[in-house]
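Below are the chains, spelled out letter by letter.
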Amino acid sequence: MDIKDIKALVKIITDSDISEFEMENEIERIHIRRGAEKEYVQVSAPTLTAAAPLPAAAPAAAPATAPAEAVDDGCETITSPIVGTFYRKSSPEADPYVEVGSTVEAGQTVCLVEAMKLFNEIEADYKCKIVEILKDDASPVEYGEPLFKVKRL
Amino acid sequence: MDIKDIKALVKIITDSDISEFEMENEIERIHIRRGAEKEYVQVSAPTLTAAAPLPAAAPAAAPATAPAEAVDDGCETITSPIVGTFYRKSSPEADPYVEVGSTVEAGQTVCLVEAMKLFNEIEADYKCKIVEILKDDASPVEYGEPLFKVKRL
Amino acid sequence: MFHKILIANRGEIALRIIRACKELGIRTVAVHSTADADALHTKIADESICIGKAPSAESYLNMKAIISAAEVTDAQAIHPGYGFLAENAEFAEVCENCGLTFIGPSAESIRIMGDKIAGRQSVTKAGVPILPGTKDNVPSVEEAQRIAAEIGFPVIIKATAGGGGKGMKVVHSPVALPNLFATARAEARASFGNADVYIEKFCEQPRHVEVQILGDKHGNVIHLGERDCSIQRRHQKLIEEAPCPVLSPALRKQLCECAVNAAKAIGYYSAGTMEFLLDKNNNFYFMEMNTRVQVEHPVTEMITGVDIIKEQIRIAYGEPLRYQQKDIKIRGHAIECRINAEDPVKFTPCPGKVDGYHPPGGLGVRIDSAIYDQYTILPYYDSMVAKLIVHADTREEAIKRMARALDEFIIGGVKTTIEFHQRIMANKDFIEGDVDTGFLERLKI
Amino acid sequence: MFHKILIANRGEIALRIIRACKELGIRTVAVHSTADADALHTKIADESICIGKAPSAESYLNMKAIISAAEVTDAQAIHPGYGFLAENAEFAEVCENCGLTFIGPSAESIRIMGDKIAGRQSVTKAGVPILPGTKDNVPSVEEAQRIAAEIGFPVIIKATAGGGGKGMKVVHSPVALPNLFATARAEARASFGNADVYIEKFCEQPRHVEVQILGDKHGNVIHLGERDCSIQRRHQKLIEEAPCPVLSPALRKQLCECAVNAAKAIGYYSAGTMEFLLDKNNNFYFMEMNTRVQVEHPVTEMITGVDIIKEQIRIAYGEPLRYQQKDIKIRGHAIECRINAEDPVKFTPCPGKVDGYHPPGGLGVRIDSAIYDQYTILPYYDSMVAKLIVHADTREEAIKRMARALDEFIIGGVKTTIEFHQRIMANKDFIEGDVDTGFLERLKI
Chain R
5 MDIKDIKALV KIITDSDISE FEMENEIERI HIRRGAEKEY VQVSAPTLTA
55 AAPLPAAAPA AAPATAPAEA VDDGCETITS PIVGTFYRKS SPEADPYVEV
105 GSTVEAGQTV CLVEAMKLFN EIEADYKCKI VEILKDDASP VEYGEPLFKV
155 KRL
Chain H
5 MDIKDIKALV KIITDSDISE FEMENEIERI HIRRGAEKEY VQVSAPTLTA
55 AAPLPAAAPA AAPATAPAEA VDDGCETITS PIVGTFYRKS SPEADPYVEV
105 GSTVEAGQTV CLVEAMKLFN EIEADYKCKI VEILKDDASP VEYGEPLFKV
155 KRL
Chain D
318 MFHKILIANR GEIALRIIRA CKELGIRTVA VHSTADADAL HTKIADESIC
368 IGKAPSAESY LNMKAIISAA EVTDAQAIHP GYGFLAENAE FAEVCENCGL
418 TFIGPSAESI RIMGDKIAGR QSVTKAGVPI LPGTKDNVPS VEEAQRIAAE
468 IGFPVIIKAT AGGGGKGMKV VHSPVALPNL FATARAEARA SFGNADVYIE
518 KFCEQPRHVE VQILGDKHGN VIHLGERDCS IQRRHQKLIE EAPCPVLSPA
568 LRKQLCECAV NAAKAIGYYS AGTMEFLLDK NNNFYFMEMN TRVQVEHPVT
618 EMITGVDIIK EQIRIAYGEP LRYQQKDIKI RGHAIECRIN AEDPVKFTPC
668 PGKVDGYHPP GGLGVRIDSA IYDQYTILPY YDSMVAKLIV HADTREEAIK
718 RMARALDEFI IGGVKTTIEF HQRIMANKDF IEGDVDTGFL ERLKI
Chain Y
318 MFHKILIANR GEIALRIIRA CKELGIRTVA VHSTADADAL HTKIADESIC
368 IGKAPSAESY LNMKAIISAA EVTDAQAIHP GYGFLAENAE FAEVCENCGL
418 TFIGPSAESI RIMGDKIAGR QSVTKAGVPI LPGTKDNVPS VEEAQRIAAE
468 IGFPVIIKAT AGGGGKGMKV VHSPVALPNL FATARAEARA SFGNADVYIE
518 KFCEQPRHVE VQILGDKHGN VIHLGERDCS IQRRHQKLIE EAPCPVLSPA
568 LRKQLCECAV NAAKAIGYYS AGTMEFLLDK NNNFYFMEMN TRVQVEHPVT
618 EMITGVDIIK EQIRIAYGEP LRYQQKDIKI RGHAIECRIN AEDPVKFTPC
668 PGKVDGYHPP GGLGVRIDSA IYDQYTILPY YDSMVAKLIV HADTREEAIK
718 RMARALDEFI IGGVKTTIEF HQRIMANKDF IEGDVDTGFL ERLKI
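Chains as they are written, first to last, in our numbering: chain R, 5 to 157; chain H, 5 to 157; chain D, 318 to 762; chain Y, 318 to 762.
Worth double-checking, as some hints may not be accurate.
[To be verified] Covered, in the sense of this in silico footprint (three residues per stretch, anywhere, with C-beta under 8 Å from a C-beta of chain R), are these stretches of chain D: (1) 378-390; (2) 564-572.
[As the list claims (entries may be wrong)] Label-pair distances were calculated between CB atoms; the ranges are: (3) Phe509(Y) - Tyr640(D): 46 to 56 Å; (4) Glu28(H) - Ala110(R): 54 to 64 Å; (5) Tyr697(Y) - Pro100(H): 34 to 44 Å; (6) Glu574(Y) - Gly342(D): 38 to 48 Å; (7) Asp672(D) - Ile434(Y): 56 to 66 Å; (8) Arg37(H) - Pro668(D): 33 to 43 Å; (9) Leu157(H) - Gly635(Y): 38 to 48 Å; (10) Leu760(D) - Tyr634(Y): 50 to 60 Å; (11) Leu157(H) - Tyr697(Y): 47 to 57 Å; (12) Glu467(Y) - Asp644(D): 51 to 61 Å.
No lab work stands behind these hints: they were computed from the structure.
Note that CB positions come from ideal geometry on N, CA and C, so glycine has one too.
Isolated chain R, as found in the complex:
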């Protein structure tokens, strides 16, 4: 690899967010590690959590990641489309809409979220099985907050 190639390579790497690069073939071996940039990012990260290690901070961050609904174990989540109070039953006497293990059809109501005295029925977008119920009955939920962990059927 001549100097021109190296220059090009360095540019490619520094323009990217790559922190380390290694390449080897029968004739040569190259190893590049970056410091500053990476280090700098780390600098700011602690700053913020340091700013306020609030219980709120965690849930607050959730919606940001919510769009990517897929969870590693192949499960997905049903999230709340509004801020409000999560209810598992249509009335105190009624049975819960779903239990862990229930299979629900697309469009079937899985819970209510009450906002300003209005009870909004939350429906499943697709046929799935309820793997986990993530919120307690009658607990507050924020926009985009995961309510159920489900497996698509």
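Start from chain R and add chains H, D and Y according to the hints.
Leaving out everything else, chains H, D and Y in the frame of chain R:
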């Protein structure tokens, strides 16, 4: 890889944010690592020059690197041990102590630095040849500021 | 006192309100959009709750989500800050209907002052001078010509539902009137869904002078002196100062008393601002009343020592004002520079990631900002990233203090208007206080 | 006015002085050690010059290098800040001999007040109460026993050349005296090269109250009220406030007038501080005078609006005071927390690289600090990295403001005393103002 390539390579790396570079092939192996100190300076540099792009900032920084007197081209420097005014002659009429090309013995006076009306003779620590005179006659110098570029003999 | 307040805003004003609450021992709830999960107001509040997507309409303007957030967090009151829902009478009403205290004036006051015509009528009754012109909608060009001839050119056409320059047209001659009248109505319809316009005398090279009002729910109203906000670009204030450098004590007294009377006339409570035009001959004319706390409130806080946000909260809780007019003493001079993430010459917004942040410090320097190093300034919201406020014994010293503070201020990674403010602080006319609302246009910056 | 001033100091006070100079339109020269090439004072000054190696003795205490730096940069005056050469009479003399104005009092004033005995004698002449005891060196144990018996135990033995607690011993009984007397003399010799000690009445659980003085070269002297600095650890002040929460107006008047008289008696000019002990029965006793600007001067600036550094410069230039006593009005309450790079419990210094820096902001918050993100706090110098000062209408509000500002303050990468200050702001006795110089020892922190 000849010296020109290496110089170019060094420039490429120092212009980037790369902290470590390694290259190896059947005929040669190159390993470049950049010091934390340097990196730190770079991290802060933008911030600070942004703060005040002072003419002073540059010379001010000099002493920090001065301890490492060796300059890439094999030359060394004679630095000022005190703050004061640099004089090349013992008196306005006299000839300069040294000129470019002069060979000086260890202990020979190469200039004066005046501080509080006292003229301090600055001597060479070793036999050397004056390669370059870095300050004008009667100009102010700060502690550790390079005065002459010399080649050890 | 309230035990918990929800702040229905973001950025520096949300932080400003949270700080006041912390100092009053009141718990705080921040609401935020998905894009603001890392915003400082979200981090610093005792609780924070996500209310919707990045676009304001789906979050900070989403009344239902905000009220619901207040209910699930058990907040007792909502502070709207400025902008967003701050001057929305319906929101104030909804809050009260839901048993939440709206920290601001009554929905009624907001409604009256939100309507230019009703506003002018009410202050006129209180004997406050307004620019000669119609108070009512001008339906036709013929009518417009008649009125213009009567009050004399130049005149200005304004949207009755308007604000912020939209639907405003200056007319210098009868010939130009028909076209501009039509344009104004079109702009008014486009911007406010209401084509109604009115016509008034156009006052040339006026200063923008406004009076800060504080009123409680027991009929007490005082003023905290005036602010001069003549440094504007396209009707957007960029630099504000207090007191106004050209007011005589007599004129100041007259102006401020006018403002207090107008506020009393409509039974106004909470913080509010009466905006006036001051012409070269020291005539002042009422423009409009802002029924909220303003961006530039800090300059008044610096010279009076009154914490306007805390007073808003106490007033909303029903406490009587803690100050009488005689308690208000003006001390020194204060200036505020609004630092925007914009090109310092073209003023085009420049969102992006802050890379290196170091605010100035020392005597008489105040920073109200919600950004931090590595924070990403979002394109969805206002481009103001910091307010730099200085206070000093004299205006001259305040300008020098502002200049040195601007020199120290580092906001890396994005373009900001710091450089613009540095130019103004070095401008001879500004230094001499010889400015008006046309200052920047003439300066060609 | 001076056209150029050299600042013979580093850290936040160098920055403080540079800021004042910039606002006065005076060019600045920063001097720095090789280790401080990246320090903020070096970067922000108009010029900077390296004067020697990292150890203070080779740089910031190197008179020759500093004078020489002033000469090569053509500076007209030198501001020594605090510490280093600030109270070195010889340095003040050398400056004047070299035609450089020393921005501080006369060498003579420094000399008199630098000598405990001469200082006590001079203020006693001015009718200022001092603690009963000797004014002169006590040569023998016998003599010490006689004096102790006469003024009554407990007594305190102090080095005549001393300060900062070194060579100080409290003696509660005749039995303990001989050993402690010997120890005190040994410590005095070790610390100051002078074994002389004197004995005075030991005042139990006193408050540390000090009066800020301003005098000009025309014989005018005024006071800027007092400060309470009772929160100390091993005689090092950690928190200061103004005004003192327990002084009655009458006592305040008496104390401050005493200080003014003492300053007048020695023809004192520039800023200075008279330190007193205030006992439980409201008796006050002169301790010593600091002939320099003090770390805690900002709290006085916040409540009086007087820029003490600018006044020092004007006074040094020969201008008469711009204030008469009647112009000085105390407004609200101010508190300063000294934030040190130390373990918040053990107070062991913790130098290192700052990794993440975000200072608090908003109404009534002032930061004087010379650190920045990624700056390396050096082991060679003082561990104080920031002064956080708040101002509010009342002491109660000021404490709440300080608490919320401390909560916002982020200094990453090193241990700081922020956490310590948070504990104090939440301490019941501190909140009630019930403290004395023994407060921290009793708190076991």
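Pairwise beta carbon distance, arginine 37(H) to proline 668(D), judged against the given window 33 to 43 Å: Hint holds: Cβ distance 37 Å, inside 33 to 43 Å.
Whether the CB-CB distance between leucine 157(H) and glycine 635(Y) falls inside 38 to 48 Å: At 57 Å between Cβs, range violated.
46 to 56 Å as the expected CB spacing between tyrosine 640(D) and phenylalanine 509(Y), which holds or is violated: For tyrosine 640(D) against phenylalanine 509(Y), whose Cβ atoms are near 54 Å apart, the range 46 to 56 Å holds.
Distance restraint hint 54 to 64 Å, applied to the beta-carbon atoms of glutamate 28(H) and alanine 110(R): Since glutamate 28(H) and alanine 110(R) have Cβ atoms about 59 Å apart, the given range 54 to 64 Å holds.
Status of the given 56 to 66 Å range, CB of isoleucine 434(Y) versus CB of aspartate 672(D): holds (58 Å)
C-beta pair tyrosine 697(Y), proline 100(H): status relative to the range 34 to 44 Å that was hinted: holds (38 Å)
Range hint compliance [Cβ, glutamate 574(Y) to glycine 342(D), 38 to 48 Å]: The hinted range 38 to 48 Å holds for glutamate 574(Y) and glycine 342(D), with Cβ atoms some 39 Å apart.
Outcome of range test on Cβ distance (glutamate 467(Y), aspartate 644(D); 51 to 61 Å): Given about 54 Å between the Cβ atoms, the range holds.
Stated coverage of the segment 564-572 of chain D by chain R [criterion: 3+ residues, CB within 8 Å]: violated (count 0)
Per-stretch coverage check for the segment 378-390 of chain D, three Cβ contacts closer than 8 Å to chain R: holds (count 8)
Leucine 760(D) paired with tyrosine 634(Y), Cβ distance criterion 50 to 60 Å: violated (36 Å)
Range hint compliance [Cβ, leucine 157(H) to tyrosine 697(Y), 47 to 57 Å]: For tyrosine 697(Y) against leucine 157(H), whose Cβ atoms are near 37 Å apart, the range 47 to 57 Å is violated.
In this structure, the hints that do not hold are numbers 2, 9, 10, 11, in rising order.
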